[in-house]
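If you read the sequences in order, they're chains X and S. Heads up, the first sequence is in the working numbering, so the first residue is 1 and it goes up one at a time. Heads up, the second sequence is in the working numbering, so the first residue is 10001 and it goes up one at a time.
Keep in mind the hints are simulated off the structure, nothing from the lab. There's no promise every hint is true.
Each pair of labels, with its calculated beta carbon distance range [unchecked claim]: (1) X:772 x S:10118: 53 to 59 Å; (2) S:10278 x X:571: 33 to 39 Å; (3) S:10272 x X:838: 36 to 42 Å; (4) S:10164 x X:744: 42 to 48 Å; (5) X:897 x S:10098: 56 to 62 Å; (6) X:834 x S:10099: 57 to 63 Å; (7) X:717 x S:10336: 28 to 34 Å.
No residue lacks a Cβ here, since even glycine has one placed at the ideal position from N, Cα and C.
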Amino acid sequence: MPQDIRSFFAPKGGAAPAPKKPAPPPAKPAKRGRKVVESDEEEEEVKPAPVKKPAPKPTPKAKKEEPIEDASAYFAAAGKNKITRTGPVRAAPPVKKNITMKKLNLEDDAKYLDDDDEDYGDDIFKSEYGKAVEDEPARKKKKKDDDMDLDDYKDGDEDDDDEDEDMDDFVDDNDEDVKPKGRGRPAKASVVKVTPKKPAAAAAPKGRKRKSITPEDDDEEEEDEQPKPKRKATAAAKRKTPVKRKEVEEIEESESIKDILSSVPTVRPPTPPPRDETKKFNYHAYKAKAAAPPPTGTKDIPVGAENCLAGLTFVFTGNQQSITRDDAIELVKRYGGKVTGNPSRKTSYVVVGSEAGPKKLETIRELKLKSIDEDGLFALISKLPAHGGDSTAAQAAAKKAKEEEKKIQEIAREMKPNTTVAPGKEAKDPKSQLWTVKYSPSSMKEICGNKKQVESLQKWLQNWPKNLKKNFKLPGVDGSGLYRAVMIHGPPGVGKTTAAHMVAKMEGYDVLESNASDTRSKKLLDTSLKGVLDNTSLMGYFNTGDKKVDPSKQKIVLIMDEVDGMSGGDRGGVGQMAAICRKTQIPVICICNDRRLQKMKPFDHVTYDLAFRRPSAAEIRTRMMTICYREGLKLSPQAIDSLTEGSHSDIRQIINMLSTFGVSGKEMSFDESRNMATAWQKHVVLKPWDIAQQLLQGHMFAPNSKKTLNDKIELYFNDHEFSYLMIQDNYLKPHPQRASNYSGAEKRLKELELADKAAESISDGDLVDAMIHGPQQHWSMMPVHAVFSTVAPSSFMSGSYGGGHMQFSAWFGQNSKQQKLNRYVKEIQSHMRLRCSADRHEVRQFYVPIFWQMLCRRLEREGKEAVDDMIELMDDYFLTKEDYDAIIELGVGPLNEKSLNVPTAAKSAFTRAYNAASHPMPFMKASNVIVPKGKAAKKDQPDLEEAIEEDEDEMEMVDEAEDAVEEDDDVDLSKDKYVKQAKAKGKGKAPAKGKAKGKKAADEDEDDEDDEPVGKGKGKGKAPAKGKGRPKK
Amino acid sequence: MNGESSKSAAQKAGAAADGPPGYDLPWVEKYRPRFLDEIVGNTETVERLKIIAKDGNMPHVIISGMPGIGKTTSILCLARELLGNTYKEAVLELNASDERGIDVVRNRIKGFAQKKVTLPPGRQKIVILDEADSMTSGAQQALRRTMEIYSSTTRFAFACNQSNKIIEPLQSRCAILRYARLTDQQLLKRLMEICAAEDVQYSDEGLAALIFSAEGDMRQAVNNLQSTVAGFGFVNGDNVFKVVDSPHPVAVQAMIKACYEGKIDQALETLRELWDKGYSAVDLISTMFRVTKTIDTLSEHSKLEFIKEIGFTHMRILEGVGTHLQLQGCIARLCRINMKKP
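With these hints in hand, go ahead and build the complete structure from the sequences.
In structure tokens form, the structure reads like this:
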């Protein structure tokens, strides 16, 4: 040990000889030498420390006293504590243990500091300094707790910030001290620290700030400060990275910081889990294997000490052998670890399984993250001591937790007055209030998450009168100045309504609320709101006499809640609402859940959209902990997190859960919270995309999946009309799990086999579907259909998905195209009926190809010369220009539409010639003839337009509807056509355009353009034609 | 004959015992729990409800679960215990038989929520919406703010079978209580109580059959019990299955297992027995489907393969060929699936 110390000192001493500048008089408590951490970072940090350690403190390992108090007081108190914050004095040459401790502390401190900054900002520090005394009681309690073990020790650090702060102080001091003497060096030291792991550095700057001890030169401070931001930013990352006990890490570190490392080796981690190497090995092995077989091993899941993964961050990738990912994640969370989706610098471990995502693997390599397999994870759990032992990460986590607790208690204390006052006012018994009401936020500070959105809402409301004067012409800084209304949208339970009401209250507006429980049809909105929109509030109005009117009382704001809840009975409500938003004279706040809904479209460009997101677990945690504290519930942060996760960050639901739980219990364990979250899971009907995704992509069919066949069938029933179509469209995309054991050509063969089976099953499913939707309607076959069409194919094909999106079923498009082509054939056949006796199929198979050759191909080859012959042929068979286009579209194979390249000159010549003459009609529909031409066209148009808009808007889903529309169009078209034809030639065009469907649209447009120059008759013909042409797109 | 007399006897007994004179109640109604203490099953949740009943301040609740496990009963008991004598004024109960369109929500429910009823502290009016999954989403939307604005005076209780039919914002506002199926012991206990109260002759095997066929549905168990008593007077296994009248899942399960093990003779024999009992081919094949779906011993892959054969047979039967031979063919194919494997 001593050697180590020496080594430390030696390098450092050389570097910064002036370390002992202990401006602060307090003797530093000798650090507790408990942990010998060999983390590189620590070492780095330590180096400076040793140099500094001018004033040896007693080695009071107790961290009882918080460093916050005056330096002197603190130190006095801290006499026991090894740490002295302000006092730059570090325990000079304590035993190595001390040093190591310091190192640890430094790291921790850095982390803590970062945490502190993030969480509390400067307030905490201030409060600590200023009110150290006040806080002491609370701290002392904590301290008591802390006394116990290392864990306690850590806790103590967290709570009191003693050690951490001390460490920070040390660092700072060191830096400071060093700087005066030789800045270059200290700076370097800090830099080094920062680069490798950053924690120490981060700590240092803060420490300085707080203590502002031994202020050397402003410059120095500035320097320090500059680094701070970076450190802060990285602080979070650092927390996790700091887990350095592993040998591997040491090695890595040594590479990066050789000097330190060289000195370090003596210091060994107290509890070095042996997994590092093995893990690494596994990882490589895994890589070599390419695809590890996914056997369903069964391993005993170890039972670890409570909270043993504290402070560690895990990332899972691929399929684990014996444990599903969900279970593994739950396992980690149970023991206080954190799980993130993607590896980053903060990640402590990546748990790699088979079929790991290549991207993640890359990141792992880049960042040199430690990768382990599930065995490593289990080893971690079983070997780590409770609360993560003395690892720096764990300490950091512990400290953070303590701080959080403290803060919560403070907040809770603050809250009390509020709640007591409110009930007094309303004369309501708080006991009879729902918790959601009782704890609804009453100030900006209390809102969880979405702070930015709330702020911009406030700003918008603030500037509203100003903007009104300018008539909403100036966009303002954030562009909100252009809008008279705001649309808040977001999932339920994130505080939309609350925020709107609170902001209105804070800005002194009276709230006029309308929600889904009020009828809001167009008429009612019109009559009831119109008056309101330019009213002033009564509160101010009646006050006129004696008192001055409080200007704030004259303002009203209209809050339209649940705008998407306007439904049956609210006919025209949405449109009217949007109209109101356009011209309102009072601010309007609209609230809805899903902004993207079709029916919310009228609000586009009318309202300033504010998206409320689900707050993160961290944002919710404090608030929930506060509530628990106030209600006397005991929940661990992990339990809260699992509730948060289970409810998808629905704050209201979490509070509801707590209140329900509070009825019977006082303490909730992680498992209980987990169960509760599962039980309370909001069941929502899945969308077809989700269904397909879960079935094909998920781990649903992994050997260790716990989903039963029934669960999978249930997925189908979430949307029995779409799910199987989605599967059919996407089943070829995943890389089947079942083929993952093979490689090369064998794999491809296996994949083909699987695809074959899946396809077979899908077609079997179609047979069943025919029975269900056939004339006999055997709905009892639905479960069979579910298995055949959905579950079985997915079971063959499910596997990792190549990152693409689930495609919407192309069936609808294809189906409508097929129907369209069918209709063409029918029409052609009906026109030809006077000439030939062929039925539809014969026409399709024999006549159409020949027509194609004789009309289209001929026009292509011979150009204008062919036009007369063509028209004659068409007239012979009573074919119209429409039929000509249909024939082009009906070509397949060598007659493909795309292979046809008719010169535009020939095309337009043909069109002109065709339009110039009248053509024989085989028959006319009576209904069509009756309608006067002009009127028919005009009348039809509006209808179509509406239909069209809907079509376009409703996306694919509406394909069916589209079909209907198309059919309608056809009728209309034929009307037009016939009408026009009966009349004159100029109209030939209309049909042509009408045909422009789907893909042809482009081509036809060309035609039109060509045609345009031709004559005037077009003007008329075109307009209607275009109207019709659209829907088909 | 015998059955009829015993039935009337039982009914008389029932009428005398509890029901209002002059007419009889079905046992399900007659023995519907009146207090939370009497509710069987879901102990933990019901305990919590009891505390709520005692302390007041009931949260909004959604109770979801299978039919016949006490959802509506729990809510009614809770309301009764909370409100006691004021039940009539302070409870608005609407179920699917009432009109519950958006207009009713906007007028009647909102009006009720605004109504002033004098209640002891900690008690609120209660709106009970039974079978809430049949409410339109528009009507549910209209409840959202109502639930919040009037939460100081009115609380809502929903009962539903599928909680996913309740829109998410409502779920977010409520305590979601999921009721599980009752366990066999819970069913047994209650059935024994009823048997004792009704003075029913039964055999253990008969009760076991009732419990088995009810699959955790108390209402069905009680109804079957009453039917059996009404029909046969004595509750034993055979009588129960005559009343319930579906192929015995255990027999079917044995048959499927035999197929899985390739024991075709055994499987065919079981089939013969079932067939001779007079079950129709459709009943048999759909029971086979259900049993195969849930059987534990088969791997999922073999389940899917079995279901494929069963599904095709099902189709053929539905097409009209519901013969014994058809089923035998199905059994044979099932056996062959596994014979191929080795």
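Tested hints:
1. X:772 x S:10118: 53 to 59 Å: Check passed, 57 Å falls within 53 to 59 Å.
2. S:10278 x X:571: 33 to 39 Å: Given range 33 to 39 Å: violated, Cβ gap about 57 Å.
3. S:10272 x X:838: 36 to 42 Å: violated, 57 Å
4. S:10164 x X:744: 42 to 48 Å: Once the Cβ atoms are compared, 45 Å apart, the range 42 to 48 Å for residue 744 of chain X and residue 10164 of chain S holds.
5. X:897 x S:10098: 56 to 62 Å: With Cβ atoms ~59 Å apart, the hint holds.
6. X:834 x S:10099: 57 to 63 Å: Roughly 59 Å apart at Cβ, these two residues keep to the hinted range, so it holds.
7. X:717 x S:10336: 28 to 34 Å: holds, 31 Å
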